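Trainee: Chains as they are written, first to last, in the working numbering: chain G, 1 to 229; chain D, 1001 to 1800.
No lab work stands behind these hints: they were computed from the structure. Hints should not be assumed to be uniformly reliable.
[Unchecked claim] Listed below are several chain G residues computed to face chain D (Cβ distance under 10 Å; list not exhaustive): (1) Pro39; (2) Gly41; (3) Arg75; (4) Arg81; (5) Lys82; (6) Phe87; (7) Glu97; (8) Leu98; (9) Glu102; (10) Lys112; (11) Met121; (12) Glu124; (13) Arg154.
[To be verified] Non-contacting residues of chain D with respect to chain G, defined by C-beta distances greater than 10 Å in every case (computed): (14) Glu1325; (15) Val1331; (16) Ile1332; (17) His1672.
On a predicted model such as this, the values are computed, not experimentally measured, just so you know. Glycine included, every Cβ here is placed at the ideal spot set by N, Cα and C.
Next come the chains, spelled out residue by residue.
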Amino acid sequence: MIKTTNLTKVYQTDEIETTALNNINFQVNEGEFVSIMGPSGCGKSTLLNVIGLIDTASSGEYYFNGIEVAKFNERQRANIRKGNIGFVFQSFNLIDELTVYENIELPLLYLKVSATERKKMVNEVMEHMQIMHRKSHFPQQLSGGQQQRVAVARAVVAKPKVILADEPTGNLDSKHGDEVMNILTELNEAGTTIIMVTHSPSYAEYSNRIVHLFDGKVVTENMKNKFHL
Amino acid sequence: MFKNYLILAFRNVARQKALSFINISGLAVGLACCFLILMFVLHEFSYDNFHINGDRIYRVITEAPDGLSGIANTPYILAEKLPFDFPEFAQIVRVIKRETERIYTLQNNVWFDEKNVLVADADFFTMFSFPLLQGNAATALKEPHSVVVTSKLADKLFGSQEAVGKTINIKIGKDLYPLMITGIMPSMPGNTQFQTNMICSIDVSEESCRAIKFEFFGQAFDFLQEWGANMFNTFVLLKEGRTAAEIEQRFPEFTKRHIGDGNPVLYELQPLKAIHLHSSYLHGQDGGDIRKITLFSGIALLILLIGCINYIILATAHSTIRAKEIGVRKVIGANRLDLIIQSIGESVLIACLALPVALILVELILPVFNSFTLRSINMDLLHNWRITTGFLGITTLVGVISGSYVAFYIGRFNPVQVLYKQKSARTGKSLLRKGLIVTQVTVFIALIFCTLVIYRQLFYLDHKDLGYNKHNLLSIPMEGISVKNNYTTLKQALLSSPAIQQVSAGSGAPPFQIGMQSKITVEQFPDGLDMEWIAVDYDYIETMGITIKDGRGFSEQYGTDAKEAIIINEAAVAALKFTNPLGSTIYFGDQNRLVIGVIHDFHKGSLTDKIGPTVFIPSKELLMRLVVRPVAGKEQDAIAHIKRVWVQFFPDVNLDCRFVEDSLAELYQTQHSMASLMLVSTCIAVIVAVMGLFGLALFMAEQRTKEIGIRKVIGAPVSSLVLLIFKEFFLLVIFANCIAFPLAVYFINKWLNNFAYRVDTGWWMFLVTGLLALLLTLLVTGWQALRVAARNPVETLRYE
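Extracted from the complex, chain G is given alone in its bound form:
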């Protein structure tokens, strides 16, 4: 489903050149739950952003569902994103001026889903995430755990093929962190591909495979009980 070949990302600021991703060859199959781990600044989030098509690679190839998308322009990338990729961030990134319902509804608006269908889909996902009673609240009125549930609900409402989660438990206590991880596992079991960046080895254990990055390179891959060096 996702395949990168020699994917490289270089940041250029004045006279300093920083290589964030260095010839990454990485593949995720449909239905997998992959965790990406590594120290701060190793390129985890950059890799996730390039995969999520909100950032571009400097060189290399990137196939999404068999289509080479690395050279796509902004409009084409936006079109692939909507409906196919859902995002969950560490800092939730909910729109403060919109209610819970309106935040979740947003992706469906860009997909031009009809009003009736929208209402049905949003209610379904709110029911599933157990946030129905909070539908008219604004993000600031919710706890961190509830906000992340809303963020997950927004990511899954359009039934995307992939969910990219960037340290989804980073801002949560262990109780709420566990809750979010259970939801992600549930979604994966239902068939959604999940790629998650995390610092927490225990939460990484929820996934089928763990990829370790160091200085922009993939150093190890741990699939169940198998180590690749």
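We have chain G; now place chain D onto it with these hints.
Mentor: Frame of chain G; chain D shown alone:
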């Protein structure tokens, strides 16, 4: 999706109250100014554009050889001669507007004052499209002594009685003319130059002209036959297919044959629709002025520009706070077009919220605006589709323009940067924002500077020594009154009051409207020079307080003064190239005269005109204006005495007694109203711009709360924190000064060049304006910085 945008926009407006207030009020003020000007411009351009044959109607005007000035009026005889030389004219109509004071209507022994009475040729109602409620347009003015009145005047005169067929009496000079009402017309529309309640047949003017016995150096002057007696507007209707250009080509030949070679008159055809706005260069014409429209429109657009800039600056600044929202939208699939639509939609919404506020402002300002522009404009949104469409169009356009840059700005946001790196307001490229602030400050500095200069020039106009004593001096017109026999006894009667110090008379008194010119011949200029002359009583110069530089004034003690003496001003000495003027001979009128005195130059009229060479001759026959100097402090007694004497001498003639100072003030009425306009506009522009700066400073101070907290913790004094915010604006204000001053000097000099006598733009004016701009900026930004600096640093840091 639209609903989502709308909800978000409304919530943003409600949440950011200060920002929304600044945006909405700034745009509302700008829109209100634009709406007023739009209504004014539409009104001005609609003048006389409703006549069916309007495209073929022209007015014959007389252009000066320099092409810069001219006369709107033409002689009576022109219309008599034109048909023989120009068969291209289908109709020719003369129109003359009679002065208010000498026109009365009399019915049942009741007198009415009637302003702006028109006298016109019989074809008036067939050439122009003014419908008649009663009477026949083709014949209403055909019979001698006929008149058409408005239904309003008919009601005033006869109440519910039938007016047609009744006779009214109109008094011109001493004579009474009975006129029969032959037609009733509705009130004239507001957008025509023919503002009147009654139109008389042309014979009224013919008879009144013949009644005036006027002699010019012993020869009777016939107003109906003289080519120099420019009193009438002459309108012509061209036959289908004929052009004004082909006719104008043949005017020189026409004038040569009828007037002669000596003093070529340049006749031209002015389109009817151009008269209202393009006649300011013509003497004897009041109405609109295209320059005034340009000025009004320019100022309104500048205020709107400041309002729009406020919106753009604050919206781009605020968009950095909203960066997360933009990033999230992009991540979940919004493309650039979606964001552009959202951004423009929001600014259109803000403009729409400003619309009702603007309409209320217009409704409140309109009465003042009407009295200021002497118009009667209504905001009739339900029935005037042009105004309604214009208002909606301007509002939408303002919204789209304001939102476009913001849309472009946020469209460029990189979601990775805004979501992960929390891009702040100061890290973004704010060159354009700085440019906008500079533009805004430039506009208000330029307006402040121009207003300062205009008020200084007005002070100069009001206080300049005019070369005579303008204070406490009364002027009374005597045109049309036979004063020749009464003058001496009238003067004695006036002087009998202890309240009156001096009485004299001349062919004119300041401010002179139109001077009389004649050829003056001296040895150095055997072909003669055209020079202005003033006929005066012996003590005119003394009464006026004009000072004699050399020689003496006129005196009855010298028996020869009446026929042989002449006094000239300094400008005439220079023009005639006299080295020793006293005793020089000047040939004037019909004989040689000896220069007995030279007076210091004095300003006969407005300071827009240079003092021209002028000569004075003593005469008791050409006196048309009395000048009376009351004893200081006894002005009211003097006026009461003048009224009593006047009734004894001229019981049928209205007395128009005015202080020269009041008439001088009227000369500068246009300049005074322009100054008021500039002052009001400048205040509005400054308030709107300062509100914008206030909003931006508020935003910047909030953005830098953490930095200010840290600086405070490590010991920075409050003054340095104020300076921190202020310095961001300081350089911009200095830069704006550098742009504003050359621009302002350029435009204000164009205005000052209208005056022959003017002030200069002194360095202190630049300094005052510059310091004022800096002070305003310091107050606005410093206050915001103080507010943040006053917070407890622990609180600000925790808050961050």
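Trainee: Against each hint, give a clear statement of whether it holds in the structure.
Mentor: Now the hints, each set against the structure:
no. : hint    : result
1   : Pro39   : 17 Å, violated
2   : Gly41   : 12 Å, violated
3   : Arg75   : 5 Å, holds
4   : Arg81   : 5 Å, holds
5   : Lys82   : 3 Å, holds
6   : Phe87   : 5 Å, holds
7   : Glu97   : 4 Å, holds
8   : Leu98   : 7 Å, holds
9   : Glu102  : 7 Å, holds
10  : Lys112  : 8 Å, holds
11  : Met121  : 14 Å, violated
12  : Glu124  : 18 Å, violated
13  : Arg154  : 7 Å, holds
14  : Glu1325 : 5 Å, violated
15  : Val1331 : 5 Å, violated
16  : Ile1332 : 5 Å, violated
17  : His1672 : 51 Å, holds
In this structure, the earlier hints numbered 1, 2, 11, 12, 14, 15 and 16 are contradicted, and the remaining ones agree with it.
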